[in-house]
Each structure stands twice: as C-alpha cells, then as structure tokens.
Amino acid sequence: MNGKMNRYVFRKMARSTLTHTFLMGVAITCLFPIFWMVRCALMTNQTVFVDEGLIPHHLDFGNFARAWTEGNFAVFFLNSVVYTTCVVTGIVIISSLAAFAFSRLDFPGKNVIFYMFVAAMMIPLPGSFVPLFVLMTKLHLVNTRLGYILCMINVGLSLSILILKTFFDKMPHELEDAARIDGCSKIGIWWHMALPFARPAIAVIVIFNALNVWNEYILAFLLLDNSNLMPLQRGLMVFQGANGTNYPVLMAGLTMAAIPIIMVYLFMQKYIVKGLSGEVVG
Amino acid sequence: MSPKSRGASVLKNNLQNFSFVLPAVVIFCIFYIYPFYKMINLSFYQWRGIGPMHFIGLENYKELMTDHLWWNSIAHAGYITLIALTFQNALAFALALACDREIRLKRFYRVVFFIPPVLSEVVVGLIWNWILNPEMQNGHYIGLLNNFLYTSGFPQLVHDWLADPKTALTTIAIVNSWKGFGWGFIIMLAGLQTIDKQLYEAARIDGAGAWKTFTHVTVPMMLPVLLVVVILTILGCMQVFVLILAMVNEGLVNYTDVPVTRIFSAMQNTNQFGYACAEAVIFGMILVCVSFILKKLSDKAKQA
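Protein chains in written order, with the numbering used here: chain A, 33 to 314; chain B, 302 to 605.
A few of these clues could be false.
To be verified - Mimicking DSS-like on lysine-lysine, the simulated pairs with C-alpha atoms at most 30 angstroms apart in a straight line are: (1) Lys302/A / Lys603/B; (2) Lys498/B / Lys513/B; (3) Lys202/A / Lys44/A; (4) Lys170/A / Lys513/B; (5) Lys142/A / Lys313/B; (6) Lys202/A / Lys302/A; (7) Lys498/B / Lys363/B; (8) Lys306/A / Lys339/B; (9) Lys498/B / Lys339/B; (10) Lys218/A / Lys313/B; (11) Lys513/B / Lys142/A; (12) Lys142/A / Lys597/B; (13) Lys306/A / Lys142/A; (14) Lys513/B / Lys202/A; (15) Lys313/B / Lys302/A; (16) Lys498/B / Lys603/B; (17) Lys142/A / Lys202/A; (18) Lys306/A / Lys596/B; (19) Lys513/B / Lys339/B; (20) Lys202/A / Lys339/B; (21) Lys407/B / Lys306/A.
Don't read these hints as lab results, they were simulated from the structure.
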C-alpha cells in the first residue's frame with residue numbers, strides 16, 4: 033500500500049514537473065525576444081556586442097532620447113496616440129448609435145442593412161487597399177489625417193456593431209419604457225441608458241480597436257507619405273530603412289511601440305479574454 | 302389624428318430612426334461598398350493609376366492563370382498556413398490542455414502566451430530580423446541566434462536564415478507561429494473550460510484512461526471550437542504580409558512572396574492597378590470558398 037502510494041505521488045510529481053517545464057519553456061520563448069529588445073535599447077553601439085551579461089553593467093537611456101528627437105519618434109508617437117484616440121472614439125459613437133437602432137428602433141430596410149454589415153464581416157477582402165487608395169486619391173484624402181482616420185473607422189465598424197447589437201438585445205425593455213414615459217428622447221435613451229448598460233461590451237470594442245489601429249501598417253504606408261503624419265509602425269519601417277544598422281536606437285523605437293500596447297493589454301486583459309472567447313465559444 | 306398627419310408622423314419617426322444608422326451606412330458605403338465594386342470593375346481594365354483606362358475584358362484574369370509567380374505565392378502562403386495549422390495549433394492545444402486544471406502560475410502563463418499576439422507585425426518582424434542577423438561586428442555575430450550557435454560550439458550551424466531560399470520561408474513560418482499561437486491558446490482554453498466536468502467524472506467511473514478520455518470526451522466536445530480556430534488560422538495566415546515585409550522587405554522574390562505581396566507590388570512597383578485588382582478578386586474568392594466549406598463542416602460538427 034505504502035509503495036503504491038509513493039509511486040502515485042511520484043508519478044503525479046513527475047507529471048507536474050514535466051508540465052511546468054513545458055509551459056515555462058514556451059513562456060521564456062515568448063518573453064526572451066522582448067527582453068532582448070529592451071536590453072539592446074539600454075546599451076550603446078559600443079557595448080552591445082561586448083557586454084555579454086544578461087543584464088548589462090551600464091544602463092544607457094540615451095537611445096530613447098536619440099530615437100525621440102533625431103529619429104522623429106516624438107512625432108510618430110503622438111500621431112499614433114491621435115489616430116488611436118480618434119478612431120476608437122469614432123467607432124464607439126457610430127457603431128453604438130447604429131447598433132442601438134438595429135436592436136431597438138424600427139425603420140424600413142432595417143434587416144437588409146444589418147445583414148449587409150454582417151456579410152461584410154464574413155467576406156475577407158484582401159487587397160481592398162488597391163481600390164481604397166484609388167478612392168482616397170480621388171477624394172484628395174491621401175496624406176491627410178482625416179483620410180486615414182475614416183478608413184480605420186470603417187475597418188472596425190462591422191464587428192463593433194455586431195457585438196453591441198447582441199448586447200443591446202439583452203437590455204431589459206422595462207428600463208427603456210420607464211425612461212420613455214419620463215419623456216426621454218431616443219437619443220437620450222441611447223446616451224443615458226444604452227451606453228452605460230453596454231459598458232463591458234464597449235470596453236471590449238475599445239481595446240480590440242485600439243490594438244488594431246496602433247498596430248496597423250498597410251494603410252499607413254499607402255496613405256501617409258509625409259513624415260509629420262506617420263504613426264509609429266510606419267515610422268519604424270522608415271527609420272529601419274534609413275538607419276538599419278543602428279540597432280540600439282532601432283530597438284529603443286521598437287520598445288516605445290511595444291511597451292504601451294503591452295501595458296494596455298496587461299491592464300485590460302480581462303476584457304481581451306472575454307472578447308475573444310465570447311466571440312467564439314459563448 | 303387624421304390619416305395624413307399620421308402618415309407624416311410615421312415618416313418622421315422612420316427618418317429619425319434611420320438617422321441613427323446613417324453615419325455607419327455612409328462610411329460603410331464609401332469605404333467598403335465602393336472599393337468592393339471598384340475592385341471588380343478595375344480588374345477588367347488596364348490602368349497605370351493615372352491617365353487613360355483601357356477596357357480589356359478578361360485579359361488580366363487570363364494572364365493571371367499562367368502567372369507562375371502568382372501561383373507560387375499562393376503556395377508559399379499555403380506553406381506558412383500549413384505550419385500554423387499543424388505546429389502552431391498543436392502547440393496551442395497542448396498548452397491549453399496543460400492549463401485547463403488547477404496548476405500554479407496559471408494566470409502568469411495565460412498572460413504571457415498572449416503577449417506576442419498583441420505586438421504589431423512590424424515590431425515582431427523587426428525584432429526577429431535582428432535576432433536572425435547573419436553579419437559579424439567586432440568579432441561577434443550581431444544576431445542573437447547565430448551568436449548563440451557560434452559560442453555554444455555549433456559554428457557550422459551559423460546561417461543566413463532569411464537570405465537562403467531553402468530556409469527563408471520556414472523561418473518566416475516559425476516566426477509567424479510564434480506570434481500567432483497565443484490566439485489559439487486563449488480560444489481553446491475558453492473552450493475547454495466550458496466542458497462539463499461531470500463528463501470527465503463519468504468517463505473515469507466507466508474506467509476510461511487518460512487517452513480514452515481525451516479522444517472520447519475532450520476532442521468531440523472541442524470539435525466546433527477547434528474548427529473555428531482552423532478557419533481563423535487559415536484566413537489570418539493566408540493574408541500574412543506585413544510580417545514578411547518587416548522581416549525580409551521584398552528581398553527574396555520568388556521564395557518568400559505571398560499573394561498580398563504580389564498585389565502590393567503589382568500596384569506599388571509596376572503600377573498595374575487592373576492586374577492588382579484581378580489578383581485581389583481571385584484571392585478573395587479563394588478565401589471565401591475555403592471559409593465557406595469549413596463553415597459548413599463546423600455547422601455539421603455542431604449538430605453531431
């Protein structure tokens with residue numbers, strides 16, 4: 033009995049060790065390149081090849097200053113912040129208005145229009161950037177902030193409408209009726225009841241669209257040629273093309289692009305997991 | 302209320318309601334419907350982006366059928382997708398299974414595995430481009446990987462991973478999997494957690510071992526979720542582009558170009574807008590067909 037018990041305990045421990053070795057190995061593979069990037073960003077061009085310690089002896093923050101000023105990253109960073117804020121705000125307002133109408137209001141052609149948005153989500157459009165570029169040229173929106181913002185709002189619109197509509201469908205009718213009796217207008221109901229009610233869904237929409245805009249590259253490449261208008265991802269590629277061998281400064285730039293998004297993810301990961309799994313499993 | 306004024310108030314009400322969806326509809330029509338139409342329309346023309354447009358019917362499509370570079374690029378994307386479907390998804394499933402129980406550090410793992418997916422393709426591509434760098438400076442390899450191979454006694458393995466046609470595409474596919482497995486992991490873990498624990502209990506009482514439980518309970522219950530992951534993997538990986546651009550630029554044409562690269566370079570480098578649109582239409586149709594077939598399969602799996 034005792035031997036059997038010991039064997040059981042031993043097998044359980046062996047399995048747990050094996051599982052943790054596997055999980056930890058993958059976790060290190062995930063983190064190490066990012067750690068190595070930050071490490072390089074904190075070294076100078078001279079020490080980066082000489083200092084072989086895991087943590088460099090001498091930390092140098094000069095690369096961040098150089099990237100910020102000489103590399104034009106101050107402008108890129110600010111642009112990314114502006115684009116992300118504008119696009120996300122636009123998507124939340126426009127998609128919640130539409131989703132509210134699809135869920136609660138009536139007008140002819142409602143279902144047709146709604147299924148149009150659903151269909152748009154189902155049909156992948158690779159290479160739609162070609163006609164989009166043609167259109168933007170015609171509208172004189174190339175090299176304008178407005179053009180890029182409008183394009184990116186469109187990218188996130190369909191999915192956001194769908195998520196919010198399913199959420200508004202769950203909103204109790206009694207609440208709405210009570211508000212209507214109190215003389216609340218439709219727009220008032222949207223603002224005072226629907227939006228606060230949908231807060232969890234809006235959080236999901238905000239985070240996914242923010243990730244998407246912050247990380248977007250193709251449209252930023254096609255639409256923005258002027259380096260004063262470029263967001264970070266575009267700026268990084270331009271910088272790499274011009275100073276490809278100055279790795280410490282490049283890594284400082286990459287760190288500046290990566291850290292904010294990792295921070296946002298760490299603070300909002302509850303909503304990311306909820307959004308991802310809700311979409312597929314729930 | 303008279304019928305007339307009632308009609309007017311219905312109309313007013315409808316207009317008022319419609320105004321809620323108006324901004325969305327306007328943006329959608331301008332930035333989705335019109336480009337959609339324009340893409341199909343332009344594919345029948347020869348056009349350099351400016352100047353006159355020549356209607357040439359199906360010529361672009363005919364040329365496309367015999368364009369080896371184009372079909373090769375689809376094969377390259379297919380290869381990247383295949384690696385993601387097998388290696389990446391198997392890894393994601395194994396990790397999800399390992400985390401679907403009370404283990405220490407579970408939250409830590411869950412957070413860490415999703416960090417690569419939140420990084421942009423540009424950031425991931427440039428980091429790996431640097432890690433894989435084959436050049437030497439001051440007696441050290443610049444790239445972490447080659448330096449590691451060199452200093453740990455395998456100098457014969459030092460390699461220009463991204464410039465050698467034999468290794469370039471596989472290297473890209475592996476980096477793509479590094480960036481992507483976290484998605485599958487999170488979705489599969491959520492799927493595993495919805496499986497009723499009583500099913501496992503029942504299987505155990507029936508005397509089923511770990512492997513039997515896995516094949517008879519876990520896999521059948523997970524089939525719909527796994528199919529969704531497969532569809533998302535295929536659609537995502539077939540359209541991979543920015544990652545490749547960041548890793549090799551347009552360096553190794555014929556070896557690392559994927560459909561979106563071809564569309565991009567037809568438009569950007571050779572100004573063949575019509576041809577680029579024809580490529581986009583064909584590629585879009587391929588993707589729609591694949592996802593439609595898989596959707597049908599997944600509906601069947603859900604019924605069973």
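Original post:
When you check the alpha-carbon spacing of Lys498/B and Lys339/B, does it fall within 30 angstroms?
Top reply: 52 angstroms, violated
Original post:
Are the Cα atoms of Lys498/B and Lys603/B separated by 30 angstroms or less?
Top reply: 19 angstroms, holds
Original post:
Does the structure keep Lys313/B and Lys302/A at a Cα separation of 30 angstroms or less?
Top reply: Judged against 30 angstroms, a Cα distance of about 43 angstroms means the pair is violated.
Original post:
Taking only the CA atoms, is the gap from Lys218/A to Lys313/B under or equal to 30 angstroms?
Top reply: At roughly 13 angstroms apart (the allowed maximum being 30 angstroms), Lys313/B and Lys218/A satisfy the hint.
Original post:
If you draw a straight line from the CA of Lys142/A to the CA of Lys313/B, is it 30 angstroms or shorter?
Top reply: Satisfied, since the Cα-Cα distance of roughly 16 angstroms is no more than 30 angstroms.
Original post:
Between Lys513/B and Lys202/A, does the CA-CA distance stay at or below 30 angstroms?
Top reply: 40 angstroms, violated
Original post:
For the pair supplied as a hint, Lys513/B and Lys142/A, is the alpha-carbon distance within the 30 angstroms limit?
Top reply: 50 angstroms, violated
Subject >> Agreement of Lys498/B and Lys363/B with the hint, judged by alpha carbon distance not exceeding 30 angstroms >> reply: Measuring from Cα to Cα gives roughly 56 angstroms; hence the hint is violated.
Original post:
For the pair supplied as a hint, Lys513/B and Lys339/B, is the alpha-carbon distance within the 30 angstroms limit?
Top reply: Not OK: Lys513/B and Lys339/B at ~54 angstroms, beyond 30 angstroms, violated.
Original post:
Can the restraint linking Lys202/A and Lys44/A be considered satisfied, given a maximum Cα separation of 30 angstroms?
Top reply: Violated: Lys202/A and Lys44/A sit about 45 angstroms apart, past 30 angstroms.
**OP:** Compare the distance between the alpha carbons of Lys306/A and Lys339/B with 30 angstroms, and conclude whether the hinted pair is satisfied.
**Re:** Judged against 30 angstroms, a Cα distance of about 37 angstroms means the pair is violated.
Subject >> Distance restraint between Lys302/A and Lys603/B, which requires alpha-carbon spacing of 30 angstroms or less >> reply: 27 angstroms, holds
Checked against the numbered hints above, the structure violates hints 3, 4, 7, 8, 9, 11, 14, 15, 19 and 20; every other hint is satisfied.
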